[in-house]
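Trainee: Chain by chain, the residues run as shown.
Number of protein chains: 2
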Amino acid sequence: MTEQIEQMYLEDLRVGQNFTSGTYVMEAARIKEFAAEFDPQPFHLDERAAQASIFKGLAASGWHTAAVAMRLVVTGGLPFANGLVGLGGEIAWPRPTRPGDILHVESEIVEITPSRSKPHQGIVTVRSTMFNQNGEAVYLLTAKLLVPRRPK
Amino acid sequence: MTEQIEQMYLEDLRVGQNFTSGTYVMEAARIKEFAAEFDPQPFHLDERAAQASIFKGLAASGWHTAAVAMRLVVTGGLPFANGLVGLGGEIAWPRPTRPGDILHVESEIVEITPSRSKPHQGIVTVRSTMFNQNGEAVYLLTAKLLVPRRPK
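Taken in order, these protein sequences are the chains called A and B.
Just so it is clear: in the first sequence, position 20 is 36 by the working numbering, and no numbers are missing.
Just so it is clear: in the second sequence, position 146 is 162 by the working numbering, and no numbers are missing.
Isolated chain A (complex conformation) (with noise of 0.2 Å):
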């Protein structure tokens, strides 16, 4: 089950609620990119160098992945108030983003604490998965998130 709701606010989710974003073309070109300005290790960087190292072949830095799934989840993947303000969580990259790649990220929210100390706000921890075009999770992120209450 799949929620599209515009401006969803801290009474407006629960447990077990999903959400499903649009998709992502990664690009080589842009995997280069990134790579040199944020992560310059020749296995992000150069074919002939990708193909000798762990990845065997060009693989996305692992922060150009976490950056798209933000893309992916800012721009209609998980539509709450205020926007989407992260204070941590816990990432993994089980699988390499390759050039050609199409992604798209699946969330849950897992836990909803209200806050008692700001009761205009409460801590929602969802757990992000992104897949590639062959359903193979590439990128997790259970990510704590502030969520406000509807203003009254």
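Errors might be hidden in some of the hints.
Unchecked claim - Pulled a few chain A residues facing chain B out of the computed Cβ check, cut under 8 Å:
no.	residue
1	49
2	57
3	61
4	86
5	90
6	101
These are calculated hints, taken from the structure and not from any lab test.
This one's a predicted model, so the numbers in the text were calculated from it and none came from an experiment.
Beta carbons: idealized from backbone N, C-alpha and C, even for Gly.
Fit chain B to the supplied structure of chain A, relying on the hints for placement.
Mentor: Same frame as chain A, now just chain B:
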């Protein structure tokens, strides 16, 4: 105690070792560009909107902050042989990163687990903290990295 040795293998590492990166200056223009591509939320894109937000001023996307930390450790902050290949970890953003912030990363090895099934490598847990120019922690990452043994 900070060590800056090139190309360290699993045998060269021990729990408690520390490493310090160079510095990176976060610029307002790059904060907005990164956000436009990967995290298009008003508080990362526009000073006026950011003033009215929970951040009370322009703040970098947490994923931009994470990417900058990766750049700092890859370019001298953590000289592991064969590069930095992360399996996953825990992440937190205790404080926003702002335009003009001068950032650096301090890393400490907290656990070393030789692989039983793959004797040529091990998993090293590294706790990295990125500080701003005021000594405030803006980003924490405890990551599990794949590190090879020295080739025989």
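Trainee: Now, for every hint given, state plainly whether the structure supports it.
Mentor: Hint by hint, here is what the structure shows:
no.: 1; hint: 49; in the structure: 11 Å, violated
no.: 2; hint: 57; in the structure: 4 Å, holds
no.: 3; hint: 61; in the structure: 11 Å, violated
no.: 4; hint: 86; in the structure: 5 Å, holds
no.: 5; hint: 90; in the structure: 6 Å, holds
no.: 6; hint: 101; in the structure: 6 Å, holds
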